[in-house]
Amino acid sequence: KNEVEQSPQNLTAQEGEFITINCSYSVGISALHWLQQHPGGGIVSLFMLSSGKKKHGRLIATINIQEKHSSLHITASHPRDSAVYICAVVSGGNQFYFGTGTSLTVIP
Amino acid sequence: NAGVTQTPKFQVLKTGQSMTLQCAQDMNHEYMSWYRQDPGMGLRLIHYSVGAGITDQGEVPNGYNVSRSTTEDFPLRLLSAAPSQTSVYFCASSYTPGGWNEQFFGPGTRLTVL
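Residue numbers (this note's numbering), protein chains in the order written: chain F, 1 to 108; chain G, 1 to 114.
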């Protein structure tokens with residue numbers, strides 16, 4: 001069973017395009033995280049959300065608790081945004097469940 | 001701060017061998033966790049700890065042991081390695097449990113079991 005589903009699995013965009021990555025989950029959660037995994041394998045945290053919307057630079061994350069859905073938006077995409085973006089939810093206190101990731105390639 | 005460190009970076013084991021993957025953090029974080037990442041499956045939680053002396057199982061704990069004798073260290077032990085444990089292992093930490101804080105990840109250990 002997959003508690004977290006992401007779409008699309010793969011995404012190719014031209015530099016400057018607006019990008020949306022979607023995350024749907026099936027369990028009750030206390031928080032949702034968006035992570036970025038670089039081509040070299042390192043993982044960094046982008047956002048932690050429990051409600052509403054957060055913005056950091058060109059990145060925007062939103063969550064709709066009632067619909068069990070979150071989106072990650074990248075405005076004015078750049079080749080350095082090329083990475084795998086991972087959605088993770090926290091359920092039952094300390095249990096993390098992860099999506100399989102969205103592989104983004106931004107072409108100059 | 002070094003953040004979250006993991007050793008070794010790469011390891012090859014034979015079936016049945018044992019080993020310990022090391023994880024340390026210098027940020028005084030309460031919560032530490034171990035994940036494995038397999039192609040097409042995403043990260044999966046193996047074990048976690050909410051403080052020194054307190055550990056609990058995650059989604060895929062079988063074949064792995066952990067202990068947390070200090071706040072800084074959270075080693076992961078493979079008692080008898082199996083080919084199914086071939087994976088990339090990540091350690092992570094956060095200031096408090098409950099998923100309310102940013103997760104800091106180590107660089108990962110790539111383990112191959114022959």
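These are calculated hints, taken from the structure and not from any lab test. Hints may be right or wrong, so weigh each one.
List of simulated lysine to any residue pairs, SDA-like, C-alpha gap at most 25 Å [to be verified]: (1) F:K53 / G:F104; (2) F:K68 / G:K9; (3) F:K53 / G:T96; (4) F:K53 / F:P108; (5) F:K54 / G:E102; (6) F:K54 / G:W100; (7) F:K54 / G:A82; (8) F:K55 / G:F104; (9) F:K68 / G:M41; (10) G:K9 / F:G42.
Hint check:
1. Only pairs whose Cα atoms come within 25 Å are accepted, and K53 (chain F) paired with F104 (chain G) is accepted, the gap being roughly 22 Å.
2. For the hint linking K68 (chain F) to K9 (chain G), the alpha-carbon distance of about 37 Å lies beyond 25 Å, and the restraint is violated.
3. For the hint linking K53 (chain F) to T96 (chain G), the alpha-carbon distance of about 22 Å falls within 25 Å, and the restraint holds.
4. As the CA atoms of K53 (chain F) and P108 (chain F) are separated by approximately 29 Å, the hinted pair breaks the 25 Å bound.
5. Note on K54 (chain F) and E102 (chain G): the hinted pairing holds, with a Cα-Cα distance of about 14 Å set against a maximum of 25 Å.
6. Of the pairs offered as hints, the one joining K54 (chain F) and W100 (chain G) holds, with about 14 Å between alpha carbons and a cut-off of 25 Å not exceeded.
7. Among the hinted pairs, K54 (chain F) with A82 (chain G) is inconsistent with the structure: their alpha-carbon atoms are about 42 Å apart, more than 25 Å.
8. At most 25 Å may separate the alpha-carbon atoms for a hinted pair to count; K55 (chain F) and F104 (chain G) meet this at roughly 19 Å.
9. As the CA atoms of K68 (chain F) and M41 (chain G) are separated by approximately 21 Å, the hinted pair is consistent with the 25 Å bound.
10. Restraint check for K9 (chain G) and G42 (chain F): satisfied, since their Cα atoms lie roughly 12 Å apart, inside the 25 Å limit.
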